[in-house]
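J.: Here's the letter readout for the chains.
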Amino acid sequence: MMLIITDIPSANLTPSDSEYVFIENDREITPCRGCFKCWIKTPGQCPIDDGFGNTGKLLSECGSLIIVSKLTYGSFSPFVKNVLDRAISYVHPYFRIINNEMHHRLRYGNKLSCSAYFYTDNNGDLPDEAEKNTACRLVNANCKNFGATVNNIIFLDSCERLQGLSLS
Amino acid sequence: MSLLIINGSPKQDNSSSHALIEDFLECFNTGSTEINTKILNIFKRQDNEIAEYKFIKHLTQPSPCVLFVFPLYLDGIPSHLLSFMCSTAEYISSPRPISRALKDRQQSKAKIYAIVNCGFYEGSQSGVALRILENWARRINCEWGGGVGVGACGGYSRFKSKVGHGVKKNIGKSLRRLSYNIKRGICAQNEYTGAAFPRIVYKSAAEIAFAKMASDNNVRL
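Going line by line, the protein sequences match chains R and V. Heads up: the first sequence runs through residues 12 to 179, numbered per the working numbering. Heads up: the second sequence runs through residues 344 to 564, numbered per the working numbering.
Each computed DSS-like pair below joins lysine-lysine, with the alpha-carbon atoms no more than 27 Å apart:
| # | chain 1 | residue 1 | chain 2 | residue 2 |
| --- | --- | --- | --- | --- |
| 1 | R | Lys68 | R | Lys122 |
| 2 | V | Lys354 | V | Lys505 |
| 3 | V | Lys505 | V | Lys526 |
| 4 | V | Lys546 | V | Lys516 |
| 5 | V | Lys446 | R | Lys81 |
| 6 | V | Lys555 | R | Lys68 |
| 7 | R | Lys143 | V | Lys446 |
| 8 | R | Lys48 | V | Lys555 |
| 9 | V | Lys546 | V | Lys512 |
| 10 | V | Lys397 | V | Lys446 |
| 11 | V | Lys546 | R | Lys155 |
| 12 | V | Lys503 | V | Lys516 |
| 13 | V | Lys516 | V | Lys354 |
| 14 | R | Lys48 | R | Lys155 |
| 15 | V | Lys354 | V | Lys397 |
| 16 | V | Lys526 | V | Lys452 |
| 17 | V | Lys354 | V | Lys555 |
| 18 | R | Lys68 | V | Lys546 |
| 19 | R | Lys68 | V | Lys354 |
| 20 | V | Lys546 | V | Lys354 |
| 21 | R | Lys122 | V | Lys546 |
| 22 | V | Lys452 | R | Lys143 |
| 23 | V | Lys546 | R | Lys48 |
| 24 | V | Lys381 | V | Lys516 |
| 25 | R | Lys52 | V | Lys354 |
| 26 | R | Lys155 | R | Lys52 |
| 27 | V | Lys503 | V | Lys546 |
| 28 | R | Lys68 | R | Lys81 |
| 29 | V | Lys381 | V | Lys512 |
| 30 | R | Lys48 | V | Lys354 |
| 31 | V | Lys555 | V | Lys503 |
| 32 | V | Lys546 | V | Lys505 |
| 33 | V | Lys546 | R | Lys52 |
| 34 | R | Lys81 | R | Lys143 |
| 35 | V | Lys555 | R | Lys52 |
| 36 | R | Lys48 | V | Lys503 |
| 37 | R | Lys122 | R | Lys48 |
Here are some chain V residues the structure puts well away from chain R; computed CB gaps all over 10 Å:
| # | residue |
| --- | --- |
| 38 | His361 |
| 39 | Asn372 |
| 40 | Ala394 |
Hints in this document: simulated from the structure, not taken from any laboratory. Using N, Cα and C, we set each Cβ at its ideal position, and we do this for glycine too.
Take the sequences, apply the hints, and build the full model.
T.: Given below as structure tokens:
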């Protein structure tokens, strides 16, 4: 299954997989409050009841994560970042060491690959190389933490360029 | 100069970020120069418009400095703080007179500094978050003054040592350097530090703490 987290309406996107789930910005999302309850009280489930609490579990059921986001200072947009912040239950609170760095252990056994599509707004603020470079570092770091492989990191100069593009 | 400290922790006063702010202020408030310092909490959505206004107003002061202190969330900036950054950038790029003045400012630009509280042992894992903040600072015509990524910060508020001593020895050195730079308006490279104990000790202590919290909820990890 393919999980697509997007800050633009899903109607404008074409997944390459026939089985997919969209998480999109169609209702109010609450920020992560750092309570750790998704680790220590209801493992795998964020306790905030706003319909975005099961992203960690959804990630465990998919082989492919697609992120579609406005490039925001080298980060994902606030909505996409919010969804990902709330998906921390995908990993386990205990730790492992990878390349001499501390990371969380994986909770689930699935193999995940990730692609990120960053688009720029049409307001004239074109991203500079520093922002693109930061975004690549962010995706790589997130994938390391989620035990995922990086499939694609693509930059587009407008969100219209996503229309008709087969997301993989 | 005046310093605005932005606490980006959702836990606000009951957080490692807040404890780091207290330790930073202990380093910053030594010496004879009195510097006007204010702290703003950023989390509750209903308070953010006021916080945004206070931030923008602070930027209009002579030689303004802003210090962001926040927890590392998934290698980046917590989403509520990112929303704040987007809203303030939008405000500054709007055609309001105050915004134009800030956008066109060429001299004594505001300087942005940061301390990132990182739950992993290696403070260097905060590097991407600091870069994001630096990119934002450039977009809003501010100068990036440098940041400190502090590793092994889980439970920082429970560390008994005084800053600069015991487990906070290395952190104290970095916070003193940051204080010095802020007072003199120096822009420096980002630096990374952490609590002065071995990684295995931190890892074990953190895992025991999580296991205890889970057990209190009848959950076995």
